[in-house]
Structure formats: C-alpha cells, structure tokens
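S.K.: Take the sequences, apply the hints, and build the full model.
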Amino acid sequence: MTATGSDVQTSPTPPHALSRSELLARFPVDEHAGLQSTDVESSRRQFGWNELASAPPESGWKRLLSQFHDLVIWILVVAAVVSGSLGEWVDAAAILAIVILNGVIGYLQEERAERVLAALKKLSAPQAKVLRDGVLRSLPAAEVVPGDILQLDAGDNVPADARLLRAFSLSIQEAALTGESVPVEKDAEACPAAEAPLGDRRNMVYLGTVVAAGKATALVVATGMKTELGRIAALLEGSRSEPTPLQRRLAELGRVLIVICLAIVALIFVLQVARGGPGWMRFCFP
0 MTATGSDVQT
10 SPTPPHALSR
20 SELLARFPVD
30 EHAGLQSTDV
40 ESSRRQFGWN
50 ELASAPPESG
60 WKRLLSQFHD
70 LVIWILVVAA
80 VVSGSLGEWV
90 DAAAILAIVI
100 LNGVIGYLQE
110 ERAERVLAAL
120 KKLSAPQAKV
130 LRDGVLRSLP
140 AAEVVPGDIL
150 QLDAGDNVPA
160 DARLLRAFSL
170 SIQEAALTGE
180 SVPVEKDAEA
190 CPAAEAPLGD
200 RRNMVYLGTV
210 VAAGKATALV
220 VATGMKTELG
230 RIAALLEGSR
240 SEPTPLQRRL
250 AELGRVLIVI
260 CLAIVALIFV
270 LQVARGGPGW
280 MRFCFP
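Residues 0 to 285 (numbering that gives the first Met the number 0) make up the sequence shown, in order.
No wet-lab data here; the hints were simulated from the structure. Every residue gets a Cβ at the ideal spot worked out from N, C-alpha and C, and that includes glycine. Among these hints, one or two may not hold up.
What the hints assert, rightly or not - Okay, the calculated beta carbon distance ranges per label pair:
(1) Glu87 to Trp60: 27 to 33 Å
(2) Arg254 to Glu40: 47 to 53 Å
(3) Leu234 to Gly83: 37 to 43 Å
(4) Glu50 to Ile104: 27 to 33 Å
(5) Val255 to Glu50: 43 to 49 Å
(6) Pro191 to Trp73: 51 to 57 Å
(7) Ala192 to Gln35: 49 to 55 Å
(8) Ala78 to Arg111: 28 to 34 Å
(9) Leu135 to Arg230: 28 to 34 Å
M.R.: Written as structure tokens, this is what we have:
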C-alpha cells in the first residue's frame with residue numbers, strides 16, 4: 000500500500016534527511032517485491048503521470064501578436080497616431096519604436112523559455128526498470144509512481160527523483176541539475192541534513208541525471224512536476240508570462256496616463272456643471 004499524498008511529496012521532512020526505517024515507514028512498500036498493481040493505480044490517480052507538464056506551444060505569429068494584447072500598448076499606439084496626425088513624426092516614431100521593442104523582447108523571452116523547456120523534457124528517461132509484483136520490468140518512464148523500486152545500472156537515465164536503498168560503486172552525472180562537470184559519488188547510507196543543498200544529497204538520485212558507473216536500487220519519492228527538474232520547468236513556464244522590465248515600466252506609465260485622463264475628464268465635468276445647465280449635456284456638447 001502506498002503512502003498518502005500529504006506523506007509523500009509534500010512532507011515537511013525531505014526524503015534525503017530520513018533514516019532508512021523512516022523512509023520505508025513513509026513508503027510502506029516491500030523493497031524486495033515492489034508495489035502491487037493495485038497500489039500503482041491508486042498512486043497514479045493521486046500523483047498523475049511521471050511527465051513534465053507545459054502549455055501547448057504557440058505558433059510564432061500568435062506568440063508575437065499576443066505581446067500587443069494590452070491596454071497600455073493600445074494607448075501608446077493611439078498616442079503615436081495622434082502625434083503623427085499633428086505632424087510630430089519624431090514623437091510618433093519614438094512611441095512606435097518603444098511598442099515594437101517591447102513586443103520583440105517579450106517574444107524572445109517566451110521563445111527562449113520554450114526552448115529550454117523542450118531541452119528539459121529531452122532529459123527525461125524513455126524507459127525505467129521497475130520492480131513490481133516481485134518481477135523486474137522495463138516500463139515507459141511515464142508510468143513510474145512514488146513508491147516504485149527502481150533498478151539503476153551504468154548508462155541509465157534516472158526516471159524520477161529517488162532515495163537510494165542500495166548502491167554499489169555508484170556515481171551520477173548531475174551536470175543538468177547542479178552544473179557539476181564530474182560524476183558525483185553516491186552513498187545509500189548517507190543521511191545529510193534537511194537543508195543540505197542538492198549537490199550534497201549523496202543518498203539521492205534525480206530525474207534528468209545519468210548513471211555514470213555502478214548500480215543501485217532506489218525508491219521513488221517524487222515524479223513529474225514534483226521532481227527537482229519539474230520545479231525548474233515550473234519556474235521556466237512561469238517566466239514565459241512574467242513581464243519584462245520594459246513591460247512593467249509601460250504598465251506603470253499606462254496606469255499614470257489613465258489616472259491623468261480620468262482626472263482631466265472629472266475636471267471638465269465639474270467646470271461644465273459650474274457653468275450651469277445639465278452637466279452631462281454640457282460635457283457631451285460643449
């Protein structure tokens with residue numbers, strides 16, 4: 000039987016800081032037989048598939064046009080048109096240049112984030128060796144769930160975040176996560192502090208890393224977007240909608256312009272009322 004959601008991927012004590020007995024208490028699975036099929040289905044309903052989620056990709060033109068779906072941008076466009084109609088061509092050109100530059104910067108930011116997300120997805124393992132119902136099976140990595148027992152050998156891509164149960168001369172290439180250029184030696188018996196940085200968690204292996212040497216048995220503790228790689232993907236996905244500094248400044252300018260316009264309208268209305276007669280009529284038909 001698998002652990003509950005509050006116990007598994009959202010527990011206050013991270014798996015790398017648990018003792019072996021505490022780990023197996025949180026994930027009540029037979030490490031020599033693996034999960035039962037019924038437990039797998041229950042866990043998948045709870046945690047979903049072991050995949051990195053992302054929004055459907057947009058076409059280049061749609062992404063570019065979306066940069067101009069903003070009230071402030073349209074205010075600036077109107078200002079450019081008015082300036083041009085008054086013969087202020089330099090001002091009109093400057094305003095349009097700001098609008099275009101803002102759109103290009105936003106487009107490039109989203110394009111870069113999408114490329115990095117695609118690269119992260121390529122780090123995911125296509126297959127995983129999993130112990131289930133007492134049988135070691137090769138399964139699509141997307142089917143791995145928390146509580147699964149993994150078999151890792153040299154050359155394997157790690158299919159999920161997992162805590163080592165047994166390791167034999169194991170070293171992992173973690174450059175994709177930590178930037179460490181040389182393989183990191185792992186130790187199933189290590190028990191680092193809860194606040195230990197990623198590179199110091201010697202009893203853990205992570206999605207997107209590769210087994211450089213040795214072999215190991217590990218218990219899956221996080222899948223999909225709950226993995227360390229998934230957290231990076233979530234940050235990148237969020238950055239696609241994060242406004243650029245220029246967009247933030249334009250938004251501030253837009254709010255100021257709106258306040259000024261409303262103040263001018265209110266002042267004109269008050270002056271018309273002071274002149275006598277229906278205020279709304281004098282306002283609309285001065």
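S.K.: Look at each hint and say if it fits the structure.
M.R.: Here's how the hints hold up against the structure:
no.	hint	result
1	Glu87 to Trp60: 27 to 33 Å	31 Å, holds
2	Arg254 to Glu40: 47 to 53 Å	51 Å, holds
3	Leu234 to Gly83: 37 to 43 Å	42 Å, holds
4	Glu50 to Ile104: 27 to 33 Å	31 Å, holds
5	Val255 to Glu50: 43 to 49 Å	44 Å, holds
6	Pro191 to Trp73: 51 to 57 Å	54 Å, holds
7	Ala192 to Gln35: 49 to 55 Å	34 Å, violated
8	Ala78 to Arg111: 28 to 34 Å	30 Å, holds
9	Leu135 to Arg230: 28 to 34 Å	30 Å, holds
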